[in-house]
Amino acid sequence: YTDTADAPWTIVKSNDKKRARLEAMRHFLHTLDYPDKDHGLVFAPDPLIVGHASQVIHGADHILGASLHPDQRRTSK
Numbered sequence: 000y001t002d003t004a005d006a007p008w009t010i011v012k013s014n015d016k017k018r019a020r021l022e023a024m025r026h027f028l029h030t031l032d033y034p035d036k037d038h039g040l041v042f043a044p045d046p047l048i049v050g051h052a053s054q055v056i057h058g059a060d061h062i063l064g065a066s067l068h069p070d071q072r073r074t075s076k
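Numbering (my numbering), first residue to last: 0 to 76.
Just so you know, these hints were derived from the structure itself, not from any lab.
Backbone N, C-alpha and C define an ideal beta-carbon position, used for all residues, glycine too.
Keep in mind that the hints are not guaranteed to be accurate.
As the list claims (entries may be wrong) - With beta-carbon atoms standing in for the labels, derived distance ranges:
# : residue 1 : residue 2 : range
1 : N14       : H38       : 18 to 24 Å
2 : N14       : S53       : 17 to 23 Å
3 : A6        : G39       : 26 to 32 Å
Said to hold, decoys possible - Simulated crosslink set (EDC-like; lysine to aspartate or glutamate; CA at most 20 Å straight-line):
# : residue 1 : residue 2
4 : K16       : D45
5 : K17       : D45
6 : K12       : D45
7 : K17       : D2
Required output: the full structure, derived from the provided sequences and hints.
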């Protein structure tokens, strides 16, 4: 049960490896603060490819399997 508020999972769908890598880089550049960050160049990643587990997987509990907390497994049935 490692997807917690203190350490949330970031899911990257990777059916298209090149696009997945680019969106992962875009996620980190968008999320992290660094000197001289150009907000005109740094865009948010595609939310259908990169995001929190509940957003990207859309309730497909069969993908997460045993990693779900038992309370979440009960409510998702």
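Against the structure, the hints:
no.: 1; hint: N14 to H38: 18 to 24 Å; in the structure: violated, 29 Å
no.: 2; hint: N14 to S53: 17 to 23 Å; in the structure: holds, 19 Å
no.: 3; hint: A6 to G39: 26 to 32 Å; in the structure: holds, 31 Å
no.: 4; hint: K16 to D45; in the structure: holds, 14 Å
no.: 5; hint: K17 to D45; in the structure: holds, 14 Å
no.: 6; hint: K12 to D45; in the structure: holds, 10 Å
no.: 7; hint: K17 to D2; in the structure: violated, 26 Å
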